[in-house]
Amino acid sequence: SGILQSKYDGYLVDDEYNIIAASIQSGSDSRVLSLKDDAGLSDADIQAVMSAKCNVIRRVGNHYIYKAQMYDAPWTVLIVVPLYSIIGKTLILTLPEILIGSLLLFAYFILMNLRKAEKLLRNASLTDPLTGLNNRRFLDAMIEKEIARVDRYKGSLSIANLDLDHFKRVNDTWGHPIGDEVLKLTANIVKSTIRESDVLIRLGGEEFAILLPQTGIDAGYMVAESARKAIEEASHPIAGKFTASFGVAERQSGESYNSLYRRVDEALYRAKE
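Take the sequence shown: its position 71, counted from the start at 1, is 154 in the working numbering, and no numbers get skipped.
It should be emphasised that the hints constitute simulated quantities derived from the structure, not laboratory data.
Hints may contain errors.
[What the hints assert, rightly or not] Calculated cross-link-like contacts (lysine-lysine; reagent style DSS-like; alpha-carbon spacing at most 25 Å): (1) Lys355 to Lys324; (2) Lys251 to Lys228; (3) Lys119 to Lys150.
[Stated by the list, open to error] Label-pair restraints from in silico Cβ distances: (4) Glu99 to Ser168: 23 to 33 Å; (5) Phe192 to Ser280: 32 to 42 Å; (6) Gly287 to Arg252: 43 to 53 Å.
Quick caveat: nothing in here was measured; it's all calculated off a predicted structure.
Quick reminder that beta carbons are idealized off the backbone N, C-alpha and C, glycines included.
When you get a sec, could you build the whole thing from the sequences and use the hints?
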């Protein structure tokens, strides 16, 4: 009992596997004890027990059987442990690990959901909901890294700002829903003309910016002019033709972002005039 730590039945059987004695009450002294009736073993199970080796635990049917031969006697000791008892004992012994594992798994899923929600919120905070472009907050977050990269590798960086001309007329004439359609159309037009390495950003209202990595003023001018012509040639089905003004500037060595942006903005206003 101390070794097994589980419910079991013990039997002493002769060489024909008739029960001589048992650890359980048989109910009647006159009844012939049988492994089939008392131990719940089938004929096939009994045959398996008879052929099993001694001193080895073996699974027989719904039981675990341990068989030991007695010395100087034609008798055998059988220890019969029900399978459900072993399973129950195993579950009880492993219950703390199961609970801890379940809690860890639960905590993992919560953490993954929190990370997913955090990523969605972060993306939402950096994305313009109308056009799906990156917004001014995204530009502010990445521009210093881009400037540091340019300084490290002695590269070039330009920015092009664009502003739709007389956009207030569109909203006043056809309403804000049509104005929103014009803004989305503008975003799609510009995206189709810029390079894959360029980043289009909606700064707010009808103003956009194009971040041009590894681009000098001449190449930046060409990108802006290509986008300007594409906008001029396009037409909205209701608002009709519309145009945009552009300002472009290349960052000078050691120049801060604020100084660069001010020069881009000044170029844009000159284009407006």
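Evaluation of the provided hints:
1. Restraint check for Lys355 and Lys324: the C-alpha separation of about 17 Å stays at or below 25 Å, so the hint holds.
2. Distance restraint check for Lys251 and Lys228: the Cα-Cα separation of roughly 35 Å exceeds the 25 Å cut-off, and the hinted pair is therefore not satisfied.
3. Using a Cα cut-off of 25 Å, the hinted pair Lys119 and Lys150 holds, with the two alpha carbons roughly 16 Å apart.
4. The beta-carbon spacing between Glu99 and Ser168, approximately 28 Å, falls within the hinted interval of 23 to 33 Å.
5. Remark: the range hint 32 to 42 Å for Phe192 to Ser280 is upheld by a beta-carbon distance near 38 Å.
6. Distance hint check: the CB atoms of Gly287 and Arg252 are about 19 Å apart, inconsistent with the given range 43 to 53 Å.
Consistency note: the structure conflicts with the earlier hints numbered 2, 6.
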